[in-house]
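Colleague: Please build the complete structure, drawing on both the sequences and the hints.
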Amino acid sequence: PVAVSIKDDSNHNPSGGCYDLMLDQIVPVDILGTDYVAVKGQLNNGGDESLFIMAVQNNTQVYVDGNPTPVATLFAGQYYRHDMDYLNSSADNSAYVSASKPVYAIHVTGFGCEQGMAILPPLNCAGSTQLSFTRSTSEPFYLNLLVRSGSQNDFVVNGPGTATIPGSAFQAVPGTGGAWLAAQIQYNTTQVPVNQAFIVSNTSDVFSLAIINGGATSGCRYGFFSEFAGEIVVDAGPDRNLCAGEDVALAGSVSGGSTTGIWTSTGTGSFQPSDTDLNATYVPSIGDLALGSVTLTLTSTGNCTPESDMATVTFQPVPVPDAGAAIQACSNDPAVPLAGSVLNAVGGVWTGGAGTYVPANNVLNATYTPTAAEVASGSLRLYLTTTGNGPCAAVTDSVDITFTPAPTANAGTDQTLCANNAVAPLNGSFTVATGGIWSGGAGSFDPSTTNMGADYTPTAAEIAAGSVTLTLTTTGNGNCLAVTDNVTLTFTDAPVVNAGADQSACANNAAVTLAGSVSGATGAVWSGGLGTFTPAATSVNAVYTPTAAELAAGSVTLTLTSTGNGSCLPVNDAMTITFTPAPIVDAGAGGAVCSNSPAIALNGSVTGATGGIWSGGAGTYSPNNTSLTATYTPTAAEIASGSVTLTLTSAGNGTCNPE
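So the sequence shown is numbered by the numbering used here: it starts at 1 and just counts up by one.
Among the clues, some could well be false.
Pairwise CB distance ranges, derived in the manner of DEER restraints [unchecked claim]:
1) 603 x 498: 49 to 59 Å
2) 567 x 68: 53 to 63 Å
3) 530 x 640: 49 to 59 Å
4) 255 x 464: 54 to 64 Å
Everything labelled a hint here was simulated from the structure, so no lab data went into it. Given the structure is predicted, the values throughout are model-derived calculations rather than measurements. The C-beta atom is built at its ideal place from N, Cα and C for all residues, glycine as well.
Modeller: Structure, rendered in structure tokens:
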């Protein structure tokens, strides 16, 4: 490992006669960030407090305090200097700089005309939950602190002094939407004694801490003590081939700036015991197996920008032997043409029976000639076993051969199906013949037309027509005649659900009357919100009252799902309720006027409504009580009583209640 430091010797500050040495160690490019916050120091006005942004990639755009217009576009090696002197006359105490690509951020600050320099840690990939420091001298001593909003009151200071870090010391960092807070706190030697060790911790989040310490004769010590994260290395393991049905034993690793991660899949399987276990077992779904492969991604977790690695798992389909449909043959012509098939294997081999296979038992469509004893027994069973199975085990299927005088066919009973659940599980059967075949429909049979228990998927035209008739015909009849049987599939309409149009409601009058409807089912139920449905979620015209969290979020989406669907699949529809803010009324601050000059100049304001109206006094409003800046002249009785209370109420509230 190599450490690289940069310095500037005898740097002169324009606000005084100070000449300072500034130095800090830089960090590797691969752990740079795009967002940085610099907390203002105590340099003189005109002291050139600066934040230097240096690009490491071409076409890097730099933004300040959340402004969408870039202040600079840099090539690799170029820098932009953000002058922070304006903060001396601003209510803000920090500057927020973001970039379109990773950059270095170096902050030059100090006190008076004494300067120091420190490289800043990235906003979202650095920070510590606990840091220690020691004050070097009795000269001025400051802590610069940065923490996420919500954790400013969770600092704990342990040490021999009286120092504290109050939440009230923090201000919002401009441009971060209040997500980050910054503070600079100066401590005397009673609060932080010299050469005494202190520990600063935060009980709810990471934070960054910088120290400014020194004097006019000794210069400025400025440095950051927060953790910089290391490069994250993620390894999801090698690609692999497995037999369908096998679980995937994972062996992922995450190292560097994070040691934790989460698995995701392009499929729909599950991670056991959880997706955050680096050595989890992935259980593929039926959909994964149908697609033939799945890509598993391991992504690092933590405060840093996540890194990922992928591993592809290819599923070799399980061998599927099909020894063919059961065969019936006439006893006077017992030679049986077999109809075996093999999927996902190189071939297959027939076993069973004392007769002969022509041309050989490794031919899937061989002809089997039974012995006289087998014909006399009335039946026998042959087995087809897959060969050349790759990573999978061999699979066996069987076929029964029955010798009967004449074939029979049974296509099963007629079925009634829903239009949105129209796949029909067929239940055909036959005797005597060697097989059967389905026909009569334009749809598809799965796995095949020769499978008696195939699933039939009708065409859209057949569903629209309302019915389709399928025919089962015996095959392999020998010297017997073929027979047929029909089954009729009738299709009923699917349910229709309408959740109603999207609606808008005011935050202080947020109960919404829903307008759902359902047909083709016995009822429906609302879901999707955490609020309450009155009288019940099963009322399509229920009144929905949202939760406070939904009001704060600004909208909620509700889903109406059909119930009592019979043989149909449930159908749903969604609608969105958008919540507008409630009016905000400010009657202004109270005050005192002299009784011999009692006219009161009002200064009310109303937002979220078209206007407001004054009330509460017996005096007069000029020009009228609907003017937010009216002048109120009290009555003699009010002057004599010594006070009067006036009320400003919003008007033109739309769907909102008055405030």
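Colleague: Give a verdict on every hint.
Modeller: Hints, verified against the model:
With their beta carbons about 50 Å apart, residue 603 and residue 498 fall inside the hinted range of 49 to 59 Å. A C-beta distance of roughly 55 Å is found between residue 567 and residue 68, which places it inside the suggested range of 53 to 63 Å. Roughly 55 Å separates the CB atoms of residue 530 and residue 640, a value that falls within the hinted 49 to 59 Å. Checking the proposed 54 to 64 Å range against residue 255 and residue 464 shows it holds: the Cβ atoms sit about 60 Å from each other.
Of the numbered hints listed earlier, not one is contradicted by the structure.
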